[in-house]
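J.: Residues per chain are reported as follows:
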Amino acid sequence: TVDSSETCQSMAENQTSINQSSPHPSDPDAVSDLCQSLAAANTRHAVPVSCAMDRHQSMYKNRGRAALDQVERRRKELELQKQRRFNAMSLARRLAEDDWTTKDVDENDDLDDDLVSVADTNETLATEELTADDTAESLQRKRRPGKNYRNQLMLSEWLMEIPDNLETEFLLKLCPQGKRVLVVAAKGITKTFDRRGRCIMTFPSELPGGCRQFRAGLTVLDCIWDTSSFHVLDIMHWRDLQLYDTETSLRFHWLETNFVESAPNVCRRTPKNRHPFLIVESHSCQRERLAEFLTLQPPFPLDGVLFYHQRGAYTFGHTSLVGWLKPYMLTEVLGLPCHQHYSIGLPADYQGWLVDVERFEATRRQMALAYSQDRQLRRQQQQTRSENSHSMVD
Amino acid sequence: MSIVTVLENSLSQDKSQRETALNFLQDAANQNLVQFLRQLSEILRDVNNTTFVRMQAGLQLKNQLYSKNSSVRMQLGQRWLTIPEADRSYIKENCLLTLGTEVQSSAAQAVAYIAVIELPAGQWANLMQVLVANVVDQASTPLKKQATLQAIGYICQDIDPNFLSAQSNEILTAIVNGMKKEEQNSNVRLAATQALLNSLEFTKQNFDIDAERHYIMQVVCEATQCAETGIKVAALQCLVKIMNLYYQYMETYMNQALFAITYEAMKSEVEEVALQGIEFWSTVCEEEIDLAIDEQESEEKGLPPTVSSKHYARGALPYLVPILTATLTRQEEQDDEDDWGPCKAATVCLMLLAQCAGDAIVGAVLPFVNDHIRSENWRFRDAAVMSFGCILEGPDPDNLRSLVENALPVIIELLRDPSNVVRDTSAWTIGRVLDTLPGLVVQEKFLNPLLHGLVEGLGAEPQVAANVCWAFSSLASAAYDQAVSQAGTSDSRSAQVETYCLSGFFEPIVGKLLETTDRQEAGQHNLRNAAYHALMEMLKHSPRDCYATLQKTTLIVMQRLKSIQDVADKLQTSHDRAQLNELQSMLCATLQSVLHKIDRNDAPNIADAVMELLLRMLTQQQVQQHQPADDEAEQQSGVQEDALLAMAALVDCLGEDFIKYMEVFKPVLLSCLRSVTETQICMNAVGLLGDLCRALGERIAPYTDEIFVILVELLSSQAVDQSVKPSVISAFSDFSLALGPGFFKFLEIVINTLQQASQAQVDVSNPDQVDYLNELREACLEAYTGIVQGLKGNGPTPHTQELRSIQPAVQPMLHFIAMVARDPVSTDEVLGCACGLLGDLVTAYGADLLPAVSDDVFSAMLQKCRRSKVSKAKTLAVWTTKEIRKLKNLQTA
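If you're matching them up, the sequences are chains A and B in order.
For the first sequence, the UniProt record's numbering assigns the number 1 to the initial residue and increments by one for each residue that follows.
For the second sequence, the UniProt record's numbering assigns the number 1 to the initial residue and increments by one for each residue that follows.
Everything hinted at is true.
The calculated BS3-like cross-link candidates involving lysine-lysine, where the alpha carbons are at most 30 Å apart (straight line), are:
1) 82/A / 666/B
2) 888/B / 187/A
3) 76/A / 864/B
4) 745/B / 82/A
5) 666/B / 540/B
6) 15/B / 62/B
Hint data in this document are derived by calculation from the structure and do not stem from the laboratory.
Kindly generate the complete structure, drawing on both the sequences and the hints.
T.: Here you go:
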């Protein structure tokens with residue numbers, strides 16, 4: 001093992017200032033055996049030229065491919081491991097975007113202008129709408145919709161079993177009907193983005209950063225838009241406060257107390273606050289408390305019910321730390337009587353919660369299939385059109 | 001019994017006599033090596049012995065000096081050097097005196113083997129003088145000159161060029177003397193030309209001098225005009241190699257001579273001559289492709305390129321294409337995999353020419369394709385398809401689109417051509433088309449006929465089937481990529497596609513591929529490998545609606561692995577074992593690719609069985625390694641390597657649930673980590689640690705002490721390959737991220753190690769070493785990042801106490817970042833990591849660090865990376881800039 005007795009001392013000695021240091025420290029005493037062992041890289045000879053013909057031979061048809069692919073496959077696998085480490089680090093840096101391979105959408109050379117976390121954007125790109133006629137190729141050529149706002153929402157998974165610690169570790173939120181959006185207020189304007197990162201609305205609000213009078217700060221919210229108001233499910237950033245890696249219970253607490261206090265006008269409709277922001281309250285999952293709450297009439301038309309794990313951070317994409325049920329499933333799942341509004345939408349042939357979930361999933365798959373077939377069809381039409389217009393080369 | 005008699009018997013018809021003789025020789029070597037070697041050298045030298053006995057003596061001498069196994073070879077060399085000087089001199093003298101006394105010289109080899117041992121050790125200093133004198137001496141017989149030149153050639157071939165460059169003048173004098181057209185004896189001339197071929201690497205200083213270079217080039221060019229085919233071919237080989245080594249000096253010769261010489265050679269009726277003519281132009285293309293890349297890089301950096309391309313290949317295009325396409329029609333009737341002749345070489349040359357010339361190749365080759373693709377003569381059909389396939393890489397794909405659309409239906413038809421050569425080439429070409437224009441081929445109008453043709457092709461001759469398999473590999477990713485781009489990325493599961501154009505055919509294709517791996521002749525032409533690769537690609541690129549088939553295939557693969565393991569236990573011969581290992585490796589890789597696709601919910605159902613298979617594979621291999629292996633190839637079997645990668649996939653798939661296997665897996669993991677001589681196994685085991693850390697988080701803590709000791713040992717070990725060390729250092733970052741404050745106990749040692757490692761220096765003139773340095777630094781930066789992030793914690797408020805404990809290391813870290821930033825050899829990848837660490841430090845230590853990070857060296861680095869083409873570097877630099885800016889804003893506010 002390594003002798004560490006002198007570590008502290010040597011660390012202290014190393015504290016010279018940057019300006020004094022040279023790029024290549026040349027003190028021979030500082031270079032230990034380990035250092036040498038690391039530096040003594042194996043000298044590899046340049047590939048002998050006599051191999052040129054062998055190399056050419058392996059290029060003939062797929063002759064050298066099996067061996068190459070084998071090496072390549074293993075190398076790729078190790079690359080993936082590296083990538084996984086990088087992702088883990090990026091997560092800690094709150095940089096957890098899925099896609100690192102595509103070129104960044106915005107040229108960040110204007111960084112010296114105004115800098116606020118995720119609020120940087122290039123408006124023309126973020127608002128660029130994709131039409132259904134876009135072919136795969138043109139999609140690739142065109143810049144993708146604001147990548148910065150894609151996959152920025154924490155999405156639930158079907159609650160397929162009741163967690164043992166539901167009562168102690170989970171919080172319940174009712175989810176109103178509407179469109180799931182990311183709200184970002186920064187640099188004097190408020191924008192909303194759909195799940196794919198497309199900007200759908202731009203308007204003033206009294207959120208910090210959200211209108212010309214409140215340019216300072218940044219607000220990032222997770223909301224449902226019901227075409228007249230925003231129902232705030234979650235809060236990720238408020239002024240200078242970064243909340244992504246704060247536990248859910250704290251984020252909710254913050255939302256339900258400080259949010260309204262510090263910006264009382266946001267729940268109203270005013271010229272400076274064009275759409276009201278209404279807070280969706282969280283509820284304990286303790287049985288008695290739930291039993292009471294569920295008999296009350298829900299405050300808005302329900303899309304579903306969310307179960308948040310208290311200790312989770314705000315993550316991007318689907319997470320098992322947030323569960324989802326349709327309102328009419330609650331009575332069965334929790335074994336508690338609910339207000340009649342919870343039964344709205346109950347299918348006539350309802351055969352129980354798990355069967356119903358499977359039905360939803362099947363529909364989703366079908367729709368995805370249909371969607372992709374539709375795309376394909378459109379693409380073919382496009383292809384035919386372009387074929388007809390192109391002259392054939394013989 | 002005299003040794004002469006024994007040597008006579010050593011190749012006797014009678015088996016027992018032969019064995020007795022060989023045993024006797026072995027005993028003699030064991031009992032008194034010096035005496036034995038002296039005797040052999042005497043027998044070799046004595047012209048009264050029969051040719052046969054002298055050759056055997058030379059062979060025995062060689063066996064005591066040289067082995068194909070590199071470690072044995074080193075031992076033999078060291079043993080030779082321990083022999084007393086006087087005895088060695090005696091033996092060497094005998095060998096030298098033998099030169100010129102044999103028709104087929106064994107002495108030339110003996111001299112060379114001794115020289116290869118002694119010259120690097122700084123001994124036998126006068127050898128070259130003696131050899132040169134032999135060649136230049138008017139009185140030397142042609143036989144003596146020939147043997148001497150052969151000895152020089154062998155030495156040049158086997159020795160590190162560095163040990164000879166000081167003597168390049170003498171060596172060249174001897175060689176050129178023997179090569180001149182005045183030399184009457186063609187054996188001497190041939191030996192000299194071959195020696196030149198082997199000496200070109202270390203005669204750079206002679207090539208740098210105009211007069212000397214002119215002279216060498218003149219002699220070589222003259223030799224290409226020799227009537228003797230052997231000499232002509234060797235001289236052409238010299239030109240190929242000269243082109244590769246000294247491109248920058250060739251301008252004068254190219255115009256005056258080389259173009260004409262090689263053009264004529266390509267047209268030669270003699271295959272070996274034509275082959276070298278083609279190889280010459282392949283080499284020109286390769287050089288110019290490399291130069292084009294260099295030029296582009298230099299341009300980006302704003303530097304003038306050191307050597308610039310003269311675009312010989314593009315200039316010669318109109319002359320080369322007709323010869324190459326004509327040569328393509330000279331196929332062998334029955335293709336032998338090991339044959340290499342003008343026809344195949346022309347294929348490769350045309351491919352390289354396309355890469356070199358880009359769009360210009362299309363117009364030059366297209367008429368030939370159009371004229372012959374429907375020819376009655378299969379040779380012309382094949383050549384047409386082949387030349388079409390060759391030009392797909394190089395031109396702008398958009399310019400090929402309409403061309404490919406027109407040709408594709410014909411090529412799909414040709415998958416059913418009566419000629420198997422044409423079928424084979426068509427399958428290969430379709431793979432190339434899929435690689436070049438993936439989106440085009442998967443259109444429905446092509447897809448249906450294509451799939452029918454391909455599936456049918458899987459049943460064809462092994463060679464055709466193998467190329468069909470490669471086409472399936474390309475098709476799998478082409479189809480999947482199309483689906484991904486069509487679906488857009490609507491949610492975070494963007495990688496998970498619902499369906500794609502192959503969904504309807506998926507099950508039959510996979511079934512047929514599985515069948516193909518089982519074909520009787522699957523061992524030929526790499527068919528089995530190709531089929532498994534295709535299978536892997538299909539599974540890796542499968543959408544959700546093919547999941548049932550994926551599940552079914554997983555079970556089949558597992559079943560196959562199990563039955564192989566049962567057989568493997570009973571196998572005796574190493575040949576069978578090697579074959580089985582390869583099969584196991586492929587199956588294991590297939591398993592790995594399905595594990596990446598298996599639903600988290602399904603994973604637990606197969607985890608036990610997969611674990612059992614992998615453990616068995618890892619332990620079985622360990623047993624085998626401890627048995628003496630018959631040859632090196634077997635030792636290098638990748639089964640363990642693949643098993644570890646599959647294990648990583650399983651860990652990734654199971655996440656925290658993997659913890660239940662840790663107890664059984666631990667001993668195997670430790671033993672793999674300790675496989676210092678098996679670089680890849682060690683490396684993969686270290687990589688697997690990272691996945692374990694990420695999956696298990698803090699729960700890996702009970703195992704870390706033991707592992708940590710091994711990691712530290714690996715770092716200081718001399719036996720372990722250098723390439724493992726950066727991975728080990730990176731593994732520290734995985735530990736730290738997983739353990740958080742639990743990493744505290746390792747901190748001192750790790751910080752100390754990192755500080756030492758970050759000072760490592762290498763020979764910056766060697767690109768390999770520069771790569772290594774960058775890898776090492778990247779690893780150190782990652783490790784620091786892991787430590788800072790791990791100790792800081794994930795919560796909104798940093799763990800101040802833990803952070804304070806590494807405060808003394810902050811300055812050295814900044815130092816290191818500055819050093820990396822200033823070093824011109826740092827790549828953008830490394831700089832990106834440095835930016836990342838800088839940002840981590842800023843977020844952890846806050847405003848205190850602002851004065852230090854305001855240093856120009858950091859702002860310059862951040863600015864450079866923000867403009868980088870490497871997206872990671874860019875992202876990290878942007879992030880760090882923002883973090884710094886946030887802090888500054890906070891301060892001023």
